[in-house]
Amino acid sequence: MGDIIANRGKLFFKVNPSLKFLLTSSLFILYLFVHNLNTMIWASVFFLVLYVFACGLSGKWSFGFVLLTLILSLFSASAMILFGKGNTVIFHYSLIMMTQESLARGIMLGLRTFCFSLIGMVFATTTLPVPFFYSLMQQLKVPVRYAYGCLAAFRMLPVMGEELGHIRQAMRVRGMANQHGVKAFSNKMIRYLLMMLAQSIRRAQRTAIAMEAKRFSMTEARTYYYEIGWSVYDLYFLFILLITVTSGFICSSLFPVTPFTNVLDH
Amino acid sequence: MMSLTNKEDRWGVEKLRLAFPKKNTMLFKDVSFHFEAKEKILLLGPSGCGKSTFLHVLSGLAPKSIELPMRTKWKRIPERWGYIFQDPETQFCMPYVDEEIAFVLENRRIPRVRMPQLIQYYLDLVQLKLQNSHQLIRTLSGGMKQRLAIASILALEPEILFLDEPTALLDPEGTETLWQTVRRIGHDRTLIIVEHKIDHVLDFIDRVVLFNADGEIFADGPKNDILTRYKSKLDAFGIWHPDAWAGYSGRKELQNTDSIDRDSPVLTLKHFVVYRQKKAQFTAEQLTIFRGEWVAIIGRNGAGKSTLIEGIMGLLRSNGQIQWPFKKPEDHVQFVFQNPEHQFITDTVEDELAFSLRIQKLSDDEIEHRVSRQLEKYDLKNERLQHPFQLSTGQKRRLSVASAMINHPDVLILDEPTFGQDARNTFALLDLFQQLQNEGTTIVMVTHEMEIVRRFATHVVHVDGGRIIKDDCDGYKQSGGAEWVTS
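Chains as they are written, first to last, in our numbering: chain G, 5 to 270; chain U, 583 to 1069.
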């Protein structure tokens, strides 16, 4: 997982992870209450720009992800566009009815999905798990047992990936891969899930015992290998986000691209 | 006796009683054991006698972290101890080497500024030489992981080290380095070791404790006394001692060339290239395997042994010519993974055996008949309804071979089948493979164990750097053997 993150020197890597976490989650809430299509359009533009500059992925992956997000957004938009209610009908064929209002609402929904994915991705690709959980413990006072529990779980992700490979090989060797049909497929999926679950429980148990054998205590005070503090980068981050968000709002009132200022109204 | 038990550096249990939940019999009944500072103790016993559980009790992990119903008349658990577990994968909770040791230092509330220096100090103690200590743990080899585990345990500054078969999942090279490390760091510490490969352990321990199958201690004393007096017991327990092989092969003539049919090849490779992640990893210009042979594929770590057989099995992409004399090779060729757990895809021993038969849609009577016979033959009758993961190491291996053999394949391909097995299980497996070979099955196995190559293989393929560097159809013995280089 760590291999696809290309450039760890970028500015957003140096921002305090707790601050980054709180601010990005508040952005989600903010855009949940935006019903102005113009604002959403401009916000998408600005967040795309931010994403291009701040994202921690290498070029190829980063482009691939934008493409994937666009497709996802189209899906979430299409349901609203094709079956929504409204007065001005643009297109009608049997069950499908497209109206101007539903089109606006659909685009709104699609862009919201798009924005949320971009914001989430900017956060996820510039935040490494270890500093993130250390920061949660130090700044947000998250109990150590959750933080270290999550870290131990992170360590198991690549192991689980390997295991998936093993099960796939076992299925082939044992002749299950040659089985076709719905029943065989569902059987196979159940086997996959059960095996992964059984192995994960066993591993988690062993790791927990090993952690306690290393005198991990859920209640006592501890020191920290990484001291996650504040820096001038946190201010930069705050400014960049503020500029991105406000320029979206300002542009939408100065250059409204569509007449839909409240998609819920019509 | 009682007056002694209050001495400062003397620990242990008296009249320990312990049972596993849902089991009728007690694992330990009134077991007493004491140990003192600086002692080097080896616990031996047949598999399943509860040695690991005993270590859990002595360290206090049971019942504190592992909840087990137990009772003792007297017990004194040391304060400063460290525990090395069998599985290198599940001992760590952080992604990087330095963070893992730091985790222990954090637990001990060592100030942050002292940590980097201490991390380097503990890595040096186990001679784990890394260019940068901020390295991903999963990029280390098994042996390096176990040494990291020791380094992180040393960060606890323990007086007593409990080692629970720390080399069970390591190759011979990793095993040797690990015991050298333990020997060095254990010099002024107390060591309590559970292990069944005792070659490397014997010269630095001074006390041996023998358990019997009922979890009773029946002998406890200085190393030399115990080992000479109870030598026959070591074989019965399946302990790998220096004379284990001699005791086994003394019984009969082993190498079997009568079953080989040189007119009927079962596998022919020509210009066979195996790819891993789109890169050519193995090239076999020419290889022919005949019916009834016992083929050993040998070579150093990373030489490409597993790549070759996974390519043959079609688990990796390959190019070139591969010829079986069968219409549907998958019905005639079976594969057994190195880790038997990777083989299992059902929830009971019975289902595991019946799995491929059900795919072939055999009648229930036929399935029942074949499964029962296989349970009998592979000594798994009493485990019929157990989950495969709950079996012992030896039983897991037998089950994986039994389920591969239930269809009477012509060729059985195995990746290090004796890896991690105790001597008794290994010898039982070898007997079994030989019986299969006598019945006409072709055996192809990757192995590190030169004793097997020397004693059983009729055809040795030596692999290095992704190529076959020597292909000897007459086996090891006939060709003199001296020029074979082992890892």
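A portion of the hints provided could be inaccurate.
Unchecked claim - In silico DSS-like links for lysine-lysine, alpha-carbon gap of 27 Å or less:
1) U:Lys-815 to G:Lys-187
2) G:Lys-14 to G:Lys-64
3) U:Lys-815 to U:Lys-597
4) U:Lys-910 to U:Lys-963
5) U:Lys-861 to G:Lys-64
6) U:Lys-861 to U:Lys-805
7) U:Lys-657 to U:Lys-805
8) G:Lys-192 to U:Lys-910
9) U:Lys-861 to U:Lys-815
10) U:Lys-657 to U:Lys-646
11) U:Lys-943 to U:Lys-963
12) G:Lys-187 to U:Lys-910
13) G:Lys-192 to U:Lys-943
14) U:Lys-657 to U:Lys-597
15) U:Lys-852 to U:Lys-813
16) U:Lys-597 to U:Lys-861
17) U:Lys-805 to U:Lys-852
18) G:Lys-64 to U:Lys-910
These aren't lab readings, by the way, just hints derived from the structure by calculation.
Next item on the list: List, from low to high, the hint numbers that the structure doesn't satisfy.
Entry: Of the numbered hints, 1, 4, 6, 9, 15, 16, 17, 18 do not hold.
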